[in-house]
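*Asks:* Using the hints, position chain W against chain H.
Spelled out, the chains give:
Protein chains: 2
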Amino acid sequence: MTYAPVTDVLSGKLAVDSEVTVRGWIRSRRDSKAGISFLAIYDGSCFDPIQAVVPNNLNNYEEEVLKLTTGCSVEVTGKIVESPAKGQDFELAATDVKVVGWVEDAETYPMAKTRHSIEYLREVAHLRPRTNVIGAVARVRNCLSQAIHRFYHEQGFFWTSAPLITASDAEGAGEMFRVSTLDLENLPRTEKGDVDFNEDFFGKETFLTVSGQLNAEAYACALSKVYTFGPTFRAENSNTSRHLAEFWMVEPEVAFADLEDVAKLAEDMLKYVFKAVLAERRDDLEFFAQRIDKQAITRLEQFVDADFAQVDYTDAIQILLDSGREFEFQLNGVSTCLLSTNVT
Amino acid sequence: MTYAPVTDVLSGKLAVDSEVTVRGWIRSRRDSKAGISFLAIYDGSCFDPIQAVVPNNLNNYEEEVLKLTTGCSVEVTGKIVESPAKGQDFELAATDVKVVGWVEDAETYPMAKTRHSIEYLREVAHLRPRTNVIGAVARVRNCLSQAIHRFYHEQGFFWTSAPLITASDAEGAGEMFRVSTLDLENLPRTEKGDVDFNEDFFGKETFLTVSGQLNAEAYACALSKVYTFGPTFRAENSNTSRHLAEFWMVEPEVAFADLEDVAKLAEDMLKYVFKAVLAERRDDLEFFAQRIDKQAITRLEQFVDADFAQVDYTDAIQILLDSGREFEFQLNGVSTCLLSTNVT
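In order, the protein sequence lines correspond to chains H and W.
To convert, count from 1 in the first sequence and add 1; that's this note's numbering.
To convert, count from 1 in the second sequence and add 1; that's this note's numbering.
It is worth saying that the hints were derived from the structure and are not from the lab.
Every residue gets a Cβ at the ideal spot worked out from N, C-alpha and C, and that includes glycine.
Be aware that a few hints might be false.
[What the hints assert, rightly or not] Which residues of chain H face chain W? A partial, calculated answer using Cβ under 10 angstroms:
id, residue
1, Trp26
2, Ala94
3, Gly136
4, Phe178
5, Cys222
6, Ala223
7, Leu224
[Claimed, not checked] Partner residues aside, some chain H positions facing chain W, computed with beta carbon under 10 angstroms:
id, residue
8, Val82
9, Trp160
10, Glu218
11, Ala221
Same shape as in the complex, but just chain H:
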C-alpha cells in the first residue's frame, strides 16, 4: 500500500495509472444517477481536495459510501487518472473505501460544508483547522516560518532563544504579564507588609518578556549575527486586529552594522519570505485573493519587484506635511517603525 499526500497526486508528482491510498476527511459527497459517487477528500497537505470516483460495485457502497458525510475520515485506494472535470488535472478511480471514523450526527457537525464566520470559528477552535480559511492560514504561516529560518541561516545568522520569563522590562515596550506560583489566597508578606517575592518561584518578581532584544544583543556581541524567533507578550488591553496579547516576533541583531545594513536586511528578508509564499503557497493565496482580499497576491508581487526608497526622518515628516492631508495625530510626534533601527 503506497500512501500519498493529496498534494503529490494533484501536482502530478505521481505517475498516472499508479495505485495509491490517500487518507483524509470528506469535504463533500455527490451521487450521480448512474450509480457513481464523487467524494472530495482533503488531507490538509494542500488547499484542494482530491476527487475520488467511487463505483457502486464496491462491497460497502450501499452500507458505508452512501452514508459518508462532511468530516468523516477515510482511506481511499485507487488508480490515479487524468480528470475530465474542470479545476483539477488528476483524480482517483477508487477501488477501495475504508471508513476510519464517522461523524456521529451530520446535522450537528459544527464544520458542515457551508461558509462560517470567523467569529463562529472562534467557538470551535478544535475543529476550525478543517476549514478552508484556517487551513490556508496555517499553511501560509508554516511557509513564512520556514522561510524566515532559511533566510537567516543562509545569511550566516544563528538562531537563539531568549528567556520568556524575565525580571527585566526590555525597552519598556509595553505592559507585562506577571508570572508567579504564589498562592493568591495566602500571599507571603515582608515585615513592611509588601508582597514578599523572595518567596516566589524565582525568588523575585517575574514577568513574561516583551522582547528578546536584550538577550539577542548580548549574543550578537559574541556571534556577530543572531536572531530570535519566538513568542512575545503584551498585556495591553487593546482589542484591535493589530494587537495580540501573545504573538511570534523576529528580532535580528547584528554586530558591526549601521542603519544602512539593517535597512537592507529588512528589505532582503521581507522579499525573501514573500517570494517563498508566492512560490510555495500559490493555492492558498488564490483563495485569499478570491474570498478575503483581492490584492492578496498583487500586493506581494509588487512588493518583491519594487526597489525600496530610503528617506530621512525629517524628509519623511516634510512629505507628510506637504501632502495636504489632515492627520489624526500630530505629525512631529508620529511613530514610524520604518525609521527605527530595530527590524522587528
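*Replies:* Leaving out everything else, chain W in the frame of chain H:
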C-alpha cells in the same frame, strides 16, 4: 572593502591572496621579539579564531595595536595567506587594524583569557556568549533547531505554534505558572470572597502551558502532519540538570499513524539532527570531546549508525528484571519515555 566571516577564511572558501576585512573580538595578543604582533580574532561564526599577523610598521602599531587586550573589538584588513602555524590552514597578513571598541580595564574584564567555571559564567550572562563553551553551545543549538525545522519540512509536516498562555492543563504534565495582570495589593473578590478571575486579563484563571499537544492534535486532524517547536514551562521546583522551568520542545502529531510509524519518526528525526550536528558543527563537538565529555562525538556517531531495537513494554520490564541489577524505583512502576507513543 570585502567583509568576511572568519569561518569563510579559515575554511578556505576565499582565495589565497585575496584581501578581506574581518570584524570581531580579540581573544589574545602575542608580540614577538622581531616586532610583529599576533592577534587571535574571533567573530563567533565558527569555533576557531583567525590569526592576524600585524607588522610594526602600521601607523597605529605602538599607540593602539600594542594596547589591544582580550575583548577589544576590531576590524582587521589584510591578505589571506597560507599559515605556517600548526592548527590552522590560513591566516591574515594584516595591512590595517582599526579599533572599534576598547575594553576599559583589562584587569577587571570578566571574560579574561582563562578558563571560567560554568557557575561563574552564570553571573556574567551578558558576556558569557564570548566564551568557547557558551559560543559552542549556541552554535550547536542553532544547528539542532535548523535541522529540526528542515527535517519536518522535508517530511511534509507543517509547523504550528500552540498558545503559551492557556486555561487548560494539557495532560496534567506538571505544575504550572500562573499568568495574571491582577494587582496583588488589591485583589478583586467575588461575593463569596474568592479571588475573582473574571477581572483578570483574559476573564479567567490562566497559566503557562505545559504542552502544545492538545492544539497540535487538533491541527493534525485537519492538516495530517504537524509539529510544534516552541517554549514550554514547568513550575517544578527540582533543581537538577534535567529539569528546567522553561525549555524548548518538539511535538509532532500525525493523523492516521500507529505506534510503528511514530517510533520510526522518532528514530528518523534523531538520526537526521545528529547527522546535521556531526556534519556542520564538527569544530564545536571536538571542543566538547576535548573539554566536556570524551564521548561527545563517538556517542552520536554510534547512534546514527545503529539500528533501533523495538521492544514491548512487558519484554522491557523482563529484561530489566533479568539483569540482576538493583533499582532505586520499583520496576513495574518504571517511567519509560521510550515506550510512550508521544515523541517529545
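*Asks:* Hints first: check each against the structure and report whether it holds.
*Replies:* Checked hints:
1. Trp26: With Cβ-Cβ at 7 angstroms, under 10 angstroms, it holds.
2. Ala94: Hint violated; H/Ala94 Cβ to chain W Cβ min 21 angstroms, cut 10 angstroms.
3. Gly136: Holds, because the Cβ-Cβ distance from H/Gly136 to chain W comes to roughly 6 angstroms (cut-off 10 angstroms).
4. Phe178: 5 angstroms, holds
5. Cys222: 7 angstroms, holds
6. Ala223: 4 angstroms, holds
7. Leu224: It holds, given that the least Cβ distance between H/Leu224 and chain W is near 3 angstroms, below 10 angstroms.
8. Val82: Cβ of H/Val82 sits 23 angstroms from chain W, so the hint is violated.
9. Trp160: It holds, given that the least Cβ distance between H/Trp160 and chain W is near 5 angstroms, below 10 angstroms.
10. Glu218: Result: holds, 9 angstroms to nearest chain W Cβ.
11. Ala221: 9 angstroms, holds
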